[in-house]
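**Q** Now for the letters of each chain:
There are 2 protein chains.
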Amino acid sequence: MEDAARRLLEGDQRTLSRMITYLERGDPQAAGVLKAIDPHTGNAYIVGITGPPGAGKSTLVDRLTELLRSKEMSVGIIGVDPTSPFTGGALLGDRVRMQKHYLDSGVFIRSVATRGQTGGLPRMVRGTTRLLDASGVDVILVETVGVGQTELGVLEVADTVLVALMPESGDAIQALKAGIMEIADIYLVNKADREGANQMATTITAMLQLGEAKPGWSPPVMLTTAQTGQGIDEVWQKIQEHRQYLTDTLELAKRRGSHRQKEFLETVQEEVARRVNSRVEQDPNLIATLEQVANKESEPYSAAMEFLDSSGLDADWTV
Amino acid sequence: MEDAARRLLEGDQRTLSRMITYLERGDPQAAGVLKAIDPHTGNAYIVGITGPPGAGKSTLVDRLTELLRSKEMSVGIIGVDPTSPFTGGALLGDRVRMQKHYLDSGVFIRSVATRGQTGGLPRMVRGTTRLLDASGVDVILVETVGVGQTELGVLEVADTVLVALMPESGDAIQALKAGIMEIADIYLVNKADREGANQMATTITAMLQLGEAKPGWSPPVMLTTAQTGQGIDEVWQKIQEHRQYLTDTLELAKRRGSHRQKEFLETVQEEVARRVNSRVEQDPNLIATLEQVANKESEPYSAAMEFLDSSGLDADWTV
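Residue numbers (my numbering), protein chains in the order written: chain X, 1 to 319; chain U, 1 to 319.
Since the hints were derived computationally from the structure, they do not count as laboratory data. There could be a bad hint or two in this list.
No copy is singled out in the list; a pair is fine if it fits within one copy or between any two copies.
Derived pair list, reagent style DSS-like, types lysine-lysine, alpha-carbon separation capped at 30 Å [what the hints assert, rightly or not]:
hint, residue 1, residue 2
1, LYS254, LYS238
2, LYS254, LYS296
3, LYS296, LYS238
4, LYS296, LYS35
5, LYS296, LYS262
Please model the complete structure; the sequences and the hints are all you need to start from.
**A** Structure follows, in C-alpha cells:
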C-alpha cells in the first residue's frame, strides 16, 4: 500500500490535509490513495446540514460537535462555502465561531469553496468524506447553504440530511416547494425561542402530509435552539434512529451504493470536460473549428454536435 | 431554408416561443434552426443585468424597457430564475410587475429556470439570445440574480454587463470581492434616494481604483432610482457609449467570438455528459462497472479514470 494511504489510515491529520488538497488540484496521487483506502471506509456516519442563511446552521454544527466530543467521538466538519458572489464569505465568517474546536485534535475542519469549481464540488466533498472516513473519524458533518443545484448535490453524500429552518421565514415555504422535501430526513425549526416556531413546525408538518409520503421513514419536524443547546440531544438521538432505520431496512448500503455510482458518473463527465479543454490548444481540428465558430463560419450548437459525431464519441459510441 | 427558420426571421413570435422550447428540450430541430439563422444574427445588442436580491433589477429592466419602447425599439427580456431552493420564485414574483409589457408585441419576455439544468443554463440563454436576435429584436436584456457561478456564466452572453447594487448593502462589498468586478462594465447604485447612496458609490469607485485597471474602458459608477425612473436615460446613454467603445476598438467582435467559442465548448461537454448517461442502461461494460462501484469492488474516482482510459477518450484522444 502507498505510504500516504497507510499514514492516512493511522489517522495522521497532516496526510489527511495534504490528500484533500491533492484531490482539489486533481493530482493523480489522490486517485491512488482513494483506491487504496476504499476497502477501509464506511465506518464514519455522514450527516448533511442545509438551510437558508441565518437559520443557524453553523451553531447547530457547533453544538452537535460539542455533544459528539462529550461522547468521545471524533468529528469531521466539511463547510461548503456558497457560490454566490453576493453571499460569499458568510459561511467563512461563521466558521470563526468554531475556533475553539480548532485546538481539539478530535475535530477536523475543512472548508470547500465552490468558486471556480461548480462542477467538481459534489465529487470533491464525496472524496473528502472518504478520506476523513479512512482516517478514523466517527461522524462527518457536511454543512452547506444550499444555494443551488450544485450545493444540493453535495447533500447526496450524506446518510442523514437535516434541513434547518427558522420561524417567520417565508423562504422556508419556498424551500419546501423547491425540492428540499425530496432530500430532507429530519427538519429542524431552529431559533425555536422566537415567536412563530410552533406555527412554523405545524405548517411544515402539514406540508409534508400534503406531499407524497415516502414509504418507511417519515421526516420528523423538531424544535431546536442551537444558541442555548436546547433540543440538540434529541436531534442526535433522532439521527441515530434514522441510522438504525436505514441499517435495518438495508437502505444505508443502497443509499451509499447509489452515491458512489453518482460520483463515478460525475467524475467521468468532469474528466471528459477536462480532456476536451486540454485539447483546445493542441488539436488542430479543434483549433480550426473554434476559429470558424468565432468567425461565424460555423454556428456553435450545431458545430458542437458535428464535432462529437466525427469524434470517437458518436451516437454509437461504446466502451 | 427550413420553414421554421424563415418564419423566425420574419419575426413570428409563436415560432420564436416554440424554438426556445425545443432548445430547452434538446430537440434536434433547434440545432437545425440555429444553424440556418446564424448568418442573420448579430444585430441585437445584449445587455446583462445582475445584482443581489432586492437591488431592484426587475424595476431597472422595466424602466429600460419603457425607455427603449418610447424610442420605437423592440426588446427581448430573458429572466434567469435562480437555482436556490431558498430564494426560488423571487424573480418570478418580480416578473408580475412586468405584466404591462406582456400586452406589447414589441416586447418578448421569457423566463429560463435553472432548476434541474444547472449545466445547460448558459448555453440555453445563449441560444435564446440568438433566436431573439434573428427574430429582429433590437435590444436583449438578460436579468439574473447571479447566485452562483452558473448564473455568472450566463452574463458571458452579454455585450454590456450592468451590476446593480443598493445603498447600505454589506453584500455589495462581498460581491465586488468575489468576482463581479471582472465582469461589470457599468455599476449602478440603485435606490439612490436612500441614505448612503453617495457613500456607496464612492466606496465602489475607490475599490475599482484599488483593483487592477482594465486597459481601455473604466467601468463608471452611476446613481439610479429605478422606482421613479431617475437616472435611466443616463444609463442607456452609457450603454451606448460602451457599445461605441467596443465597436471602435473591435472589442465587440472579439467578445462575441469568444462567447461563441465558449458556447461550443460547453455544448460539447454537456452533450458528452448526456451521451455517457444515455449509455448507463445500455452499455454492458458500463453497467458492470457501476455495479462494482456500488458494491465497493471498485473505488469511484479511480474507476472513472480507468473507464475513460479504456474508452476512446484516453489521454491521446484526438479528433
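**Q** All hints, please: hold or fail.
**A** Evaluation of the provided hints:
1. LYS254 x LYS238: Only inside one copy: LYS254 and LYS238 sit 20 Å apart there, 58 Å across copies, limit 30 Å.
2. LYS254 x LYS296: between (49 Å within a copy, 12 Å between copies)
3. LYS296 x LYS238: between (59 Å within a copy, 28 Å between copies)
4. LYS296 x LYS35: Classified as between; 10 Å across copies, 46 Å inside a copy.
5. LYS296 x LYS262: The answer is between: 13 Å across copies meets 30 Å, while 38 Å in one copy does not.
No hint from the list above goes unmet by this structure.
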